[in-house]
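**Q** Same order as they appear, the protein sequences are chains U and V.
Note that our numbering gives residue 155 to position 155 of the first sequence, counting from 1, and the numbers run on in steps of one.
Note that our numbering gives residue 1138 to position 138 of the second sequence, counting from 1, and the numbers run on in steps of one.
Since the hints were derived computationally from the structure, they do not count as laboratory data.
These numbers come from a predicted model, not from an experiment.
Cβ atoms here follow ideal geometry from the backbone N, Cα and C, with glycine treated the same way.
A portion of the hints provided could be inaccurate.
To be verified - Straight-line C-alpha distance at most 25 Å; calculated DSS-like pairs for lysine-lysine: (1) V/Lys1067 / U/Lys249; (2) V/Lys1211 / V/Lys1177; (3) U/Lys41 / U/Lys19; (4) U/Lys53 / V/Lys1263; (5) V/Lys1067 / V/Lys1228; (6) U/Lys97 / U/Lys19; (7) U/Lys342 / U/Lys238; (8) U/Lys193 / V/Lys1263; (9) U/Lys405 / U/Lys345; (10) U/Lys415 / U/Lys398; (11) U/Lys238 / V/Lys1186; (12) U/Lys249 / V/Lys1228; (13) U/Lys193 / V/Lys1070; (14) U/Lys51 / V/Lys1177; (15) U/Lys444 / U/Lys313; (16) U/Lys74 / U/Lys53; (17) U/Lys51 / V/Lys1211; (18) V/Lys1067 / U/Lys54; (19) U/Lys313 / U/Lys348; (20) U/Lys51 / V/Lys1228; (21) U/Lys444 / U/Lys413; (22) U/Lys124 / U/Lys83; (23) U/Lys342 / U/Lys288.
Stated by the list, open to error - Computed footprint of chain V on chain U; a stretch qualifies when at least three of its residues, placed anywhere within it, have a C-beta under 8 Å from a C-beta of chain V: (24) 79 to 85; (25) 128 to 136; (26) 395 to 401.
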Amino acid sequence: MVELEIGQEVEMEYGGSAKVLSVIGSGGQGTVYLVRFNGMKWALKWYDIDKMKKPKEFRKNLQNNINDGPPSNKFLWPKYLTKETEDGTFGYIMDLKPEGFDSFVDILNTYKLEIDPLTGHAVKRPVKFNSLNAMVTAVINIVNAFRQLHRAGKSYQDLNDGGFFINVNTGAVLVCDCDNIAPDGSNFGIGGKPGYMAPEVVRGIAQPNVQTDKYSLAVVLFKLLFRGDPMEGEKVVKDVCLTESSELKHYGQNAVFVYDPNDASNRPVRGIHDNVIKFWRIYPDYIKDAFIRSFTTGISEPTKRIIENEWQKLFIRLRSEIIMCGCGRTNFSSMFVQPNPKTFKCPKCGMEFASLGFSDRDYRMPLYLGCRFYECEISPDSDDFTKVAGELVENKLKPGVLGIKNCSERQWKAKMPDGAFYDIAPGKGFPIWQGLEIDFGVIKAQI
Amino acid sequence: MSNENMTEPVVNENTSGLDDFEPAAAENTAPAAASALDFDDDPLSATGVSRKSLVIFFLIDTSGSMKGKKMGELNTVMEELIPEIRRVGEADTEVKVAVLTFSTEVRWMYSTPIAIEDFEWARLRASGVTSMGAAFKELSLRMSRNSYLNSPSLSFAPVIFLMTDGYPSDDYREGLKELQSNSWYKFGLKAALGIGDEANDDVLAEFTGSKDTVVHAYSGTQLAQMIKIIAVTSAQIGSKSMTLSDDSGHELGEEDVFSAKQKLLGQQIQELVSNKVEDNDVPFDTGW
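Just chain V, with the same shape it has in the complex (with noise of 0.2 Å):
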């Protein structure tokens, strides 16, 4: 694997990907008597309420076969999908996104998540082999409390979107396995979008865990409509509380809330891709 174009985060000690959510040093502070002018006391002077923070990361095939049309819908539409995502997150959670490539090599597009205020889209070329098990494994060195995901709040779990075109041409399982001993993925939002007939959605339910969040595009339409509605749902559901399913009638436990919000995921990404099919299966004499 390398990373020419990746530079190093200056902190990045933990290398195993095992991030067990070790917590920020936290410094509690008991408020000392103070005479009223030995600090800021102005009532209307605050900083912004702490937000919670939401890494999007994106992870692209580049390989060879998404030369061409495939890869300037995807770069079209990853353009035109910043602004809709920031509408999703500028509330009470501060989104960044990472996108990481792989082809014959992997590649960060940005050496460090980008608050999504202030990204912009680079566009992508295709070119090489597909080296999932050396993108997951990279994923997995950096979805990390000291490297990306260094917020000194608290975060919610990352969203996790991966979009190919083919078959893995490494041993996608390797990097997969290390993948899924990373805590960030393991309550992370899984998404998966598979783009032409190579693509195998099997593969890609063992990455998200279920094949409710696998998608796949035929068509250059299509390829727009499942990423922007993969990538805006699991944005909106990622940057968010849970929303409870309140008719249980009973006191919810921790297992009822497990992975919840993928679940929910699943679903809408179902629902919504379910009506699009719909519309363009509709037969040319019909509803007029």
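Just chain U, with the same shape it has in the complex (with noise of 0.2 Å):
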């Protein structure tokens, strides 16, 4: 492996060159520096080409995928290749990681070690989510991206939790690695991390494809909100040494589901698998479900493994779902008493929470003061998850009044207390009440 030094020039394959900064980070393939080029500080990924089996492909992929370009924003893509120095080692350069985005890894481990340049010593700083919204608008970016993805005729191949970065504050997401992106069906080398890797693909029966891509994705989704691992049940941690062999039997061979419903074996052990048993205990039914599917009948047939789309609807619902209570207490629905059908009471104060029922879904969502719902949950035509259509607020003139504001860019009606509907337009807002019913076009609510 022919490693870089610091200064060193790297010549680019359309002229100019890069030079090298510092290191930012070494990996299977081979390292990352940091590097000036243009006036503009990037990224350069330098492969360790002993390492990889098809030197050739892969870098002829990595040119198709800089001529394809990303499948959207969220995707830190390769934007340049260098030149081959004579042994044939290349890299390509990317966009920096922007500030403000947390790695995947240091979620999970809820801290990153930042280390003190003068001592050396390792401090650690608490990463987490500032709020059950950001969490979940997470959950449904990185589903998004895999869709894009997806739709684009490609797959990630070796999707694991280095593959992520995330801005705890808003959910954000941008997915990086991206040079072992690959035209489904087609495969440059890469098998995938073990744990985040397809049965099939772990047993050596499968190369990396959008199927194992879906199961990949799911245990990402499983490791986000569970915060541990889908397969590691006391049938893992008997074996106490997790070896090679021990590796194919439990995520190959023999993997089995932590919460399979007709095999108990491999339940999670509280001391070590704490956080799995707790939000096994609040996450709603339809989530669970989709995450026993994806495990149990999806481990032997890919076919059945859940579809982005799928994933992306069941989290659209769990995010219209949460409650944020004025006494501090922060849940999904579920976690709430429900005196009768339309209402949902707070199981610490007895706050009760009004909710609005949708003509196109069997699900209520509660009302909450800030609470709000998306283009997508409006117009049946729309997958536009981020763009906020409707708000409860409070009335700026009238303290203590509550009602629906239509931040959206289309005309509402709204019926209101002397049974006729009045036109809302954008900007407009309308008080709710007991008898309230909203005409969003297609899309009918009510209270």
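Assembling the complex is the task here: the two chains are given apart, and the hints tell you how they should meet.
**A** Below, the structure written as structure tokens:
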């Protein structure tokens, strides 16, 4: 492996050169350097060519990806290739990770190590989502990014916890390490990370593709929500030492989901898997059922794995079921008491929340000050889960009066206590009351 | 064997070194039906995902012949090495380090493996003879679920890195035999570094089980290079799950993956070492 020296100039394919400033990190395939190119700072990934199985094909694929461009702005995509050195070594440059993003690994560990440059001592800094909304938004963003990628006919191949950066304040997601992305059906040597790889890849009977990506995606989602490994329970812990053959067994030949309803042999162990035990009690059944399907029938039948669009719908629902109670308790509506089908009650302070039922779905959205619904929830053709369409606010001129503000760009109709429907223009609002009905156009809602 | 500086670990019943990976007390819990407020139900409060642990054992010869430049170089490179290994382990594996020194006596640097974040190198001094066999026995004793490898969650097989500059002065085979019956040793990643002309690579290969994971350093510069290569590479491989050969085209069996990591370690060490040696062998008039 040819390492680059600090200060070295690396020639770029289409002229110019990038000057190596420092090392950012190293991974299984090579090293990432901070470089200066055209007056700007970039990240340069420089490959360890000895570890590559098909360097020529790999470079060609990278070139194709650069030409195609990223499926969306959620990807830290390769920008320019370097020239090849005499022995065929090469690299590519990409944008630097923007400020404010933490790695998925740090989120899972709940802290990151910051090394004091003078003493070399490591200090732990907490890393945590600052709201439940940001966390569920991050999940939706991850799912959506892979939906976009798969729609572009490509697969990520080695989806794992090293592949994302997340903004814990907003839930924004950046997919990194995009250099192994390849057209579905092709593979240029990457196998993946055990624990994230689909069982058929672990067993050596399939190569990474869109279907195996779906399995890995389910693992990523499970880890983010349940903070544990879906296949690591009592059966695995009994082995004590994770040897190569025990990994083949527990993640390949005999992978058993920790909450497999038909096989209790691998349940989480208290003291080791406390997170999973706790969160399995918190998430609503439709989320748990999706994971059960992913990790039971989805193990042996790749086509039965949950598709990204389905995940996206489930998590948009989950986001709409968050309740932030005035007493400080924030949780999903399933963790609130339901005195009647239309009302949620905080088990801690007793506060009650009315809810909105939409004509196209059989679950209800709890209403609380600050709650929002999104464009995709009021128009059937929209896939926009980030644009706020409506928000529950307090009337600025009549304190204490709550109503829904139309944040969308279209006119709605709302039924008032006099029984008539009134036009609600963008930017306007209307009070909520017992018999409220809203007409968004195709979709309708009522309290 | 005397261990005057060694504090006895609290639990140490397993003295045979035969540790068949007996399971930790696993308590299977069925979540009881309970009302929403019976437990911490904050969806945002989580502890870190349970990480796998990896212990890196350094077995270091501190006999009299190591005195002077060798020991100075070794101390310096080990101090510098700790931050590099820290970077390797911080992701999803908790890396711990244990250092066993052997001369006339066998002695642990600290009485328990120390997390890499908190590890500080205590400079070593050299004197006495090379009791390698005693070191093997002591290692075997501590590589046990009841002793140094007592992490409650899953462990990767340990990394064991032996450095010596001389021929063992005791019956190393007897010690090795004991070590070889230890399951952690069997599955562990083993590498060895011979320092100077006296160190016998055949003895080291007996320890590691293959010649690929034995390297030799003849100068101070090489010593520093080799220690870094072996320690960083073995920590990288040891702290991760195995990566697969994905072009076999047939279903993998246990025999395909058996000691896959040890083989990979051998390959990578040989590659890295040959690169370094080439660097040093370039004639003065080429490469300009």
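**Q** Hints first: check each against the structure and report whether it holds.
**A** Here is how each hint holds up against the structure:
no., hint, result
1, V/Lys1067 / U/Lys249, "violated (48 Å)"
2, V/Lys1211 / V/Lys1177, "holds (18 Å)"
3, U/Lys41 / U/Lys19, "holds (9 Å)"
4, U/Lys53 / V/Lys1263, "holds (17 Å)"
5, V/Lys1067 / V/Lys1228, "holds (20 Å)"
6, U/Lys97 / U/Lys19, "holds (18 Å)"
7, U/Lys342 / U/Lys238, "violated (47 Å)"
8, U/Lys193 / V/Lys1263, "holds (18 Å)"
9, U/Lys405 / U/Lys345, "holds (24 Å)"
10, U/Lys415 / U/Lys398, "holds (20 Å)"
11, U/Lys238 / V/Lys1186, "holds (18 Å)"
12, U/Lys249 / V/Lys1228, "violated (33 Å)"
13, U/Lys193 / V/Lys1070, "violated (39 Å)"
14, U/Lys51 / V/Lys1177, "violated (35 Å)"
15, U/Lys444 / U/Lys313, "holds (18 Å)"
16, U/Lys74 / U/Lys53, "violated (29 Å)"
17, U/Lys51 / V/Lys1211, "holds (21 Å)"
18, V/Lys1067 / U/Lys54, "violated (48 Å)"
19, U/Lys313 / U/Lys348, "violated (30 Å)"
20, U/Lys51 / V/Lys1228, "holds (19 Å)"
21, U/Lys444 / U/Lys413, "holds (9 Å)"
22, U/Lys124 / U/Lys83, "violated (40 Å)"
23, U/Lys342 / U/Lys288, "holds (23 Å)"
24, 79 to 85, "violated (count 0)"
25, 128 to 136, "holds (count 5)"
26, 395 to 401, "violated (count 0)"
Hint compliance for this structure: hints 1, 7, 12, 13, 14, 16, 18, 19, 22, 24 and 26 are broken, all remaining hints hold.
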